[in-house]
Amino acid sequence: MSSINSTKPVGIEVSLAIAEAVKLAEVEVVAAYPITPQTHIVEHLSDLVANGELNAEYVPVESEHSALSACIGSSAAGARTFTSTSSQGLMLMAEIVFIAPMLRMPIVMAVANRAISGPLNIWNDHSDVMSIRDCGWIQIFAETGQEATDLSIIAFRIAEDKNVMMPLILNLDGFTLSHFIEPIIFPEADKVKKFLPPYETSHKLDLNNPLSFGLLGGPEVYTEARRDTDLALLNSRSHVQRIFDEFAGAFGRQYRLVETYKTEGAETIIVTIGSISETAMSAVDEMRAVGEKVGLIHIRLWRPFPVVEFRAAVAGAKNLAVVDRHISMGFPEGPVGTEVRALMYHEKERPRISNYVLGLGGRDVTRNHFKYIVEQVKSLGADKRQGGYEMVGVLE
Amino acid sequence: MIEIRFHGRGGQGAVTSAELMARTAIGSGKYAQAFPSFGPERRGAPVTSFLRISDIPIRIREKVYTPNVVVVLDPSIMGVTKVDAGLKDNGLLIINSAKPVEELRRQYGFKQKIATIDALHIALEELKVPITNTVMIGSLSKALGVATPDEVRCHLEERFGPSLASRNQKAFERAYNETKVEG
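Chains A and B are the protein sequences, given in the same order.
With numbering that gives the first Met the number 0, letter number 165 in the first sequence gets 164, and the count goes up by one each step, no holes.
With numbering that gives the first Met the number 0, letter number 177 in the second sequence gets 176, and the count goes up by one each step, no holes.
Hints may be right or wrong, so weigh each one.
Unchecked claim - Some chain B residues near chain A, calculated using beta-carbon distances under 8 Å: (1) 21; (2) 25; (3) 33; (4) 37; (5) 41; (6) 59.
Everything labelled a hint here was simulated from the structure, so no lab data went into it.
In this text, a Cβ means the ideal position worked out from N, Cα and C, and glycines have one as well.
Isolated chain A (complex conformation) (with noise of 0.2 Å):
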């Protein structure tokens, strides 16, 4: 595509321009299975292998669980390597996904976010990345097309820094992120290559430095090794920032862990992730010019959990209003609602924090949701205990 070596801003639809960025990349293995509503990344990375423009094997594998598996397997042999998937594909994968941390294999998948069965669904929400989250895996969420073009190039960088040596993925909001046409300015290639130089490893399968990758981890090493993993995960939170700053400094486009909207000065802060945080933005937009005093904060590294940033984003503020895009079957709270109210537990200042489940499935989410949300969080009482999600937009 020509038109992408310009700094001009390009029209282009989101996973086309994230699989020109993991070409910029210059990724040496590709292992992938299409599924809607990733389809189009792996799509469009097979035409650039195919008619040369990438240098890179590209394994059409038979299914989810044999792309990551040929992914640790390239990494596990020195190369750059990437994989997407969404929803089912990630449910079949995910007795992999938990395997690459541990082995602290730097691939990067993205993830074009979509519900997961039943009913069979194909549009949009979280259920599918919260479904792992705990797997250990460096977990970024995207807000715009520009920003996942760019995490698509930064996530490398991340995964492979010798201080990280960590899987990442790379979130994207299926259809609302992933199918959108909207202009998009590409990293010029020269500078890509200085920010992201080839990927070399001495952590790697090497017939002159033999080492053994994936074995029996009993009792007596288990609990060490899941705790290493955690370590490690816990310590890349510092070492992602300093790369955004090295990304920043190159290409001029700043981003930081938990981005903060209109919070001075506000008293209620909606906490969002992905995609849905410019319609909020918007919202908050138009609460503003009428003089409510409302702000919004993004989180933009979940895993892992920024704790120190957002803590100091929401000093001050009296209510939070978490979203969640996935329910947490059978507790009061969705994942995010429940982890800001741990968070906030020791805190001497608590403010009153409330949780509100909506955009499953496609649901179209709008900014009268937010508004709506600003309001009852108006209409709560004085007692902070009250808990339970509240679901927005449910359709009687």
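Dock chain B against chain A, hints included.
Quick look at chain B alone, frame taken from chain A:
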């Protein structure tokens, strides 16, 4: 910001129309976004797609509920879908129809301004297939003043390839010149 909703049937190019307009607007320095109302894709089934064009960055990902403009790619859609739902009072309907405006108004009760174009006729003459997308964006471009034939040319080439692009370019230009806007 201008909000536009396209109504067509699977295979007629409602999605491609919104995409081409967004790409052209972005190529000429504006902000734009285009997206389909996602569903199982079946030829002939009613399809909706959405387009926003703006001078400032667009930060909304909800569907278009109160459009400034509605584009009807297939006249038979008007019998099954209320195409003017939510259309702003000062909005515009651009309809693929050979019928007089008064007749459309009487039949469907449209209140807003209407532009018509016999897109099927132009598509069959220029493209030899009943696919009305480039014709309808020719009309839309004329009505909104957002994309000239010169601006759209490279995007048609990228989308359709050199041989099909020239025929689509001709269809676009004819619609651009032949569209009749009321008032």
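> Which hints, by number, does the structure contradict?
Replying inline: 5
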